[in-house]
Amino acid sequence: MLSNIARFFLLLAAQILVFNNMSFFGYLNPYPYVLFILLFPVNGNRFSLLLASFALGIIMDIFCNSGGVHTTACIALAYLRPNFFKFSFGVSYEYQTIRINDKLTPERFSFILSTITVHHAILFILESFRINYIFETFFKIILSSIFTILLVILIIYLFKPNKR
Amino acid sequence: MQQIFNFVFKNSYRLLFLLLLGISLVFTVQSHSFHKSKVISSANFLSGGVYEQINSVNEYFSLKGKNEALAFENARLKAILYNQQDTSKIPELDTIKGVKKINIIVSKVIRNSYQSPENYITINSGSKQGLKTDMGVVNDLGIIGIIENISENYATIQSILNLKSKINAKIKKSNHFGTLIWNAKNTGFAQLIEVPRLAAIRKGDTVVTGADSRIFPENIGIGTIDNIYTDNETNYYTLNIRLFNDMTNLGHVYIIKSKEKEEVMKLEAITKKDE
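Note that the protein sequences, when read in sequence, are chains C and P. Quick note: the first sequence uses the numbering used here, first residue 134, plus one each step. Quick note: the second sequence uses the numbering used here, first residue 653, plus one each step.
FYI, nobody ran anything at the bench for these hints, they're computed from the structure. Bear in mind that the values here come from a model prediction, so they are computed numbers and not experimental data. One thing to keep in mind: the hints can contain errors.
[Unchecked claim] Stretch by stretch, here's where chain C covers chain P in the computed footprint (C-beta under 8 Å, at least three residues): (1) 674-680; (2) 762-772.
[To be verified] Beta-carbon label-pair distances, calculated as ranges: (3) Leu-287/C <-> Glu-846/P: 46 to 54 Å; (4) Phe-272/C <-> Leu-919/P: 41 to 49 Å; (5) Ile-288/C <-> Arg-849/P: 50 to 58 Å; (6) Lys-219/C <-> Thr-886/P: 48 to 56 Å; (7) Phe-659/P <-> Ile-264/C: 36 to 44 Å; (8) Phe-242/C <-> Gly-717/P: 41 to 49 Å; (9) Thr-882/P <-> Phe-142/C: 53 to 61 Å.
[What the hints assert, rightly or not] Anything over 12 Å on all C-beta distances counts as not near chain C; from chain P, calculated: (10) Ala-721; (11) Ile-757; (12) Lys-780; (13) Leu-783.
Note that the Cβ used here is the ideal one computed from N, Cα and C, for glycine as well.
Make the full structure from the sequences, and use the hints.
The following block contains the structure:
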């Protein structure tokens with residue numbers, strides 16, 4: 134519980150202070166703050182996850198001046214999270230002890246890949262909101278997702294809790 | 653009745669999701685469809701305060717460049733001053749043509765965005781300093797944007813790098829008008845559309861703000877023509893404009909308080925009523 138609250142604020146601070154200012158190639162930003170939603174305990178309270186994702190998104194929107202795009206993407210991701218677990222870890226995921234916060238296995242990678250791609254797709258489609266920029270939007274989704282996934286894996290490896 | 657309660661109770665998770673989704677979609681659609689009145693903006697004391705703190709650190713890294721720019725502007729102003737007929741008389745006009753000095757508010761950019769298709773800039777002055785929505789924002793090189801949201805101490809600017817931005821502009825040499833927009837592709841360029849084919853234009857011509865704009869005074873620099881495209885269906889040119897300003901690197905900005913604006917608006921409102 135405490136670690137979740139700490140993660141919420143630390144990721145948000147890192148996102149606003151550091152990652153929002155990266156602007157790779159002039160326009161690409163990674164969004165590793167979604168890691169909060171990915172790392173939320175599998176059997177944790179889903180109501181609190183949904184409300185926390187809403188808060189996370191709305192704070193991001195306030196700081197990015199982006200209306201409600203981060204909020205929409207975050208709560209959609211929080212709501213769809215069980216489906217991604219099912220997709221990556223099999224139907225009976227609830228009875229296993231899933232740790233995302235560990236060594237990279239194909240299951241974990243597929244989970245990170247699918248969640249982040251869907252989050253970024255919702256985010257950038259809502260951000261551009263125009264059909265005539267569809268190619269630019271696609272390009273942005275793919276490049277930004279790659280960027281975020283790399284950073285997320287790096288962060289997981291850096292802060293992997295010691296097993297002992 | 654009990655069935656309704658049962659339904660709500662059983663589906664409470666889904667209903668909460670739909671409620672939150674509804675709220676966030678309303679915010680999203682609102683930010684895209686209305687010109688102003690955004691519910692969520694960084695012109696508030698929380699994010700404004702945070703950005704001000706970040707900026708106070710970041711400022712040190714660009715001090716050298718800023719100093720050089722200031723010295724450059726000073727030199728230009730001195731040149732104007734010394735070339736006056738009567739040097740004892742202080743010139744009434746500031747660097748921006750057509751605007752009296754008292755009508756300019758100096759402010760500082762504390763957050764600048766240029767990655768998304770709809771970019772906003774946050775500055776550290778607000779209604780306390782006398783800012784109002786729809787005031788023009790410029791710096792020593794050229795135009796930057798238009799004020800959109802205001803709180804007590806902060807304000808957000810709709811940057812010219814915004815798909816919603818539409819500014820009246822003209823070609824300095826020939827006085828042909830057009831509309832300045834941005835196609836969300838390159839931060840160094842904006843586009844001037846609806847320029848009539850009659851206009852004699854060449855690459856490198858200067859583009860400035862037009863007289864039709866009530867927000868900016870006339871003849872504030874925008875950029876130079878970089879490319880000329882002709883539209884076969886209409887009789888208009890589309891020009892690619894290389895901006896004078898590097899929109900990714902902004903420091904101090906000037907906000908223009910135009911007294912004429914209110915007068916013109918009032919006059920036009922009366923004229924419309926009479927029709």
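Each hint tested on the structure:
no.: 1; hint: 674-680; result: holds (count 6)
no.: 2; hint: 762-772; result: holds (count 7)
no.: 3; hint: Leu-287/C <-> Glu-846/P: 46 to 54 Å; result: holds, 48 Å
no.: 4; hint: Phe-272/C <-> Leu-919/P: 41 to 49 Å; result: holds, 48 Å
no.: 5; hint: Ile-288/C <-> Arg-849/P: 50 to 58 Å; result: holds, 56 Å
no.: 6; hint: Lys-219/C <-> Thr-886/P: 48 to 56 Å; result: holds, 53 Å
no.: 7; hint: Phe-659/P <-> Ile-264/C: 36 to 44 Å; result: holds, 37 Å
no.: 8; hint: Phe-242/C <-> Gly-717/P: 41 to 49 Å; result: holds, 43 Å
no.: 9; hint: Thr-882/P <-> Phe-142/C: 53 to 61 Å; result: holds, 55 Å
no.: 10; hint: Ala-721; result: holds, 21 Å
no.: 11; hint: Ile-757; result: holds, 21 Å
no.: 12; hint: Lys-780; result: holds, 21 Å
no.: 13; hint: Leu-783; result: holds, 17 Å
In terms of the numbered hints stated before, the structure departs from none.
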